[in-house]
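**Q** Add chain B to chain A, keeping to what the hints say.
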Amino acid sequence: MNRGYVWLVTLLAIPAFLWLVPTIWMVSLSFQPNEVLARTTSTTAFGLLPIPFTAENYTALFSFGQTPWWFLNSIIVAVGMTLGVLAVSTTAGYALARLEFPHKTPITVLCLIGLMVPEQAVFIPLYTMFADLGWHNSYHALILPRMAVPIGVFLMIQFFKAIPQDIEEAARLDGVGWLQIFWYIMLPLARPAMMALAILTFLYAWNDYLWPLVSAQQREYFTITLGLASLQSNFAQSEGLGRVMASGVIASLPVVILFLIFQRYVVQAMTAGGTKG
Amino acid sequence: MLASLYLGKTRRLSRFNAIALGIVSALLVVLPGFHPGEGGRWYDRRFWPTVGNTILFVAFAVPGVTISALLLAAALNRETRAMGVLRTLFFLSQVLSVTVVTLIWQIMFSPRQGLIANITNALGGTPVTWLTDDQFAMAAIVITTVWWSLGIAMILFLAGLQDISKDIYEAAALDNAKGWRAFWYVTLPNLTRTTTLVVVLQIILHFQVFGQSHLMTQGGPNDTTQVLVRYIYQTGFRGSELGRASAMVVFLFFVMGAFSAIQFIVGREKNA
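Here the protein sequences line up with chains A and B, keeping their order.
Per this note's numbering, the first sequence starts with residue 1, numbered consecutively.
Per this note's numbering, the second sequence starts with residue 1001, numbered consecutively.
Simulated from the structure, these hints should not be mistaken for laboratory data.
For each residue, glycine too, the CB sits at the ideal point set by N, CA and C.
Heads up, some of the hints might be wrong.
Unchecked claim - So the derived list for chain B, only partly shown, Cβ under 8 Å to chain A, looks like this:
1) A1082
2) L1089
3) V1095
4) P1111
5) Q1113
6) L1115
7) T1120
8) L1156
9) L1161
10) S1165
11) Q1208
12) F1210
Claimed, not checked - Which chain B residues face chain A? A few, computed with CB under 8 Å, are given here:
13) I1019
14) S1097
15) L1103
16) I1104
17) I1204
18) G1236
19) S1246
20) G1257
Stated by the list, open to error - Calculated from the model, a selection of chain A residues having no Cβ within reach of chain B, i.e. all distances over 10 Å:
21) A13
22) N34
23) E35
24) L49
25) I51
26) L72
27) T91
28) I107
29) A121
30) P125
31) M147
32) E168
33) I185
34) L189
35) R219
36) M270
Chain A with its partners taken away, still in its complex shape (with noise of 0.2 Å):
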């Protein structure tokens, strides 16, 4: 290692500690007692440091208290939408990619077309839709708008037409039907996509605000995202500090983690959604 390059690394750990330091403080605020922080936020080295330290705020929050009801929706709603992108994304990827039937570019077009249309266009629409049909508040009224996503369709698209046609027409001599042929060999090869596509859609419905605020009104189908605003609003009078910054944490931790296991998937998809939508 040359000294260039140690001296570059030293120079980028400022800024990495400062960007951090938001972060490392909620960590920190929601391990200590409630009564030293009404006093004030800064003990030890600006509050940075948990020192006094307590895991009470912790415990309180499982023991009573909604965000543990919020999180297991938000992981009803992150998993079924994950669910249901990949269902919807792999075959309509795969059929446009690959099949032959009547209008197929209308089609491809008017699914991608929806690229171009951000959600806050839609959302009024798709509030009067649901209430229509009076499914506000529930679970599926908070999978089912996020099912179609024109950026997996898309993604999808671009995979299979990268697959070679050998191995599909080898697969048809054999007899083998298309349905088959999705199943057994198209999936499995897809695998990789399905993941960066799986991992990015589980990250949207967890951290997805505004649809939840419109759609679930009443607090038993709040999200945690959802469930967290509706504790910062009025975080001073009720439950103190360390407890709304401990929900904080525990909202953040399956996408951290999430995120730190899968990261080169994240980044896969980011980057291909970004620079070819």
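**A** Same frame as chain A, now just chain B:
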């Protein structure tokens, strides 16, 4: 009617045209039910300032994110373990949800409990009341946004940097272009497409800002951080005027559509 008469006078439209225009505009008013709002105004007094705030937000957040992401990506563009760890750290805030991000920063900026205020106090200064001060509220939201959404831009720049061939740098080094000069004369020109893409993507993303304004400042103080999507949300869901909110959505849709088209064209260029 007034408009058509005015047109008739200045552009010397024939009388027939003027009358036709008048009839058409009268029909436009009568048929779909166009009419002035309360107080006889033809426009919503809060709408354009809201659009202005949104543009202001975009005008600060987009260059903020783009420039810091570009510099970071250029510095982090090496395949070593340490660089990988640093990249992960800078990207990490991106995966947090908007409510966690605003929770952290709301308290960071708090004049009584905030980390920034604590440090200011320790240095002997008077803390700024970031979120309730007309002049600082927008800045606070922009800082939060840059912290939150730097990751994607950095990743896109890193991908763009990988595409620049090593030969160009070697050739440039022969011409004595290293370090900053190489960055300015070699890296930047080769990143034009990526930069355009990042800027357009960020504009699309940040024009739809909602959570930061909704949760940190509630659009205040004095509407200085009231942004378009929050106004739409309020009009539609708090004021129950879904029709008026939809009209604003159409406006948003056209702005977004224009930028999406640019993104599509730029994204295509490389493949063509």
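**Q** Look at each hint and say if it fits the structure.
**A** Verification of the supplied hints:
| no. | hint | verdict |
| --- | --- | --- |
| 1 | A1082 | holds (5 Å) |
| 2 | L1089 | holds (5 Å) |
| 3 | V1095 | holds (5 Å) |
| 4 | P1111 | violated (12 Å) |
| 5 | Q1113 | holds (4 Å) |
| 6 | L1115 | holds (6 Å) |
| 7 | T1120 | violated (11 Å) |
| 8 | L1156 | holds (5 Å) |
| 9 | L1161 | violated (12 Å) |
| 10 | S1165 | violated (18 Å) |
| 11 | Q1208 | holds (5 Å) |
| 12 | F1210 | holds (6 Å) |
| 13 | I1019 | violated (38 Å) |
| 14 | S1097 | holds (4 Å) |
| 15 | L1103 | holds (5 Å) |
| 16 | I1104 | holds (5 Å) |
| 17 | I1204 | holds (7 Å) |
| 18 | G1236 | holds (6 Å) |
| 19 | S1246 | holds (5 Å) |
| 20 | G1257 | holds (6 Å) |
| 21 | A13 | violated (7 Å) |
| 22 | N34 | holds (12 Å) |
| 23 | E35 | holds (14 Å) |
| 24 | L49 | holds (13 Å) |
| 25 | I51 | holds (15 Å) |
| 26 | L72 | holds (16 Å) |
| 27 | T91 | holds (25 Å) |
| 28 | I107 | holds (19 Å) |
| 29 | A121 | violated (4 Å) |
| 30 | P125 | violated (8 Å) |
| 31 | M147 | holds (20 Å) |
| 32 | E168 | holds (24 Å) |
| 33 | I185 | holds (27 Å) |
| 34 | L189 | holds (23 Å) |
| 35 | R219 | holds (15 Å) |
| 36 | M270 | violated (6 Å) |
In the structure shown, a violation is registered for the earlier hints numbered 4, 7, 9, 10, 13, 21, 29, 30 and 36, in ascending order.
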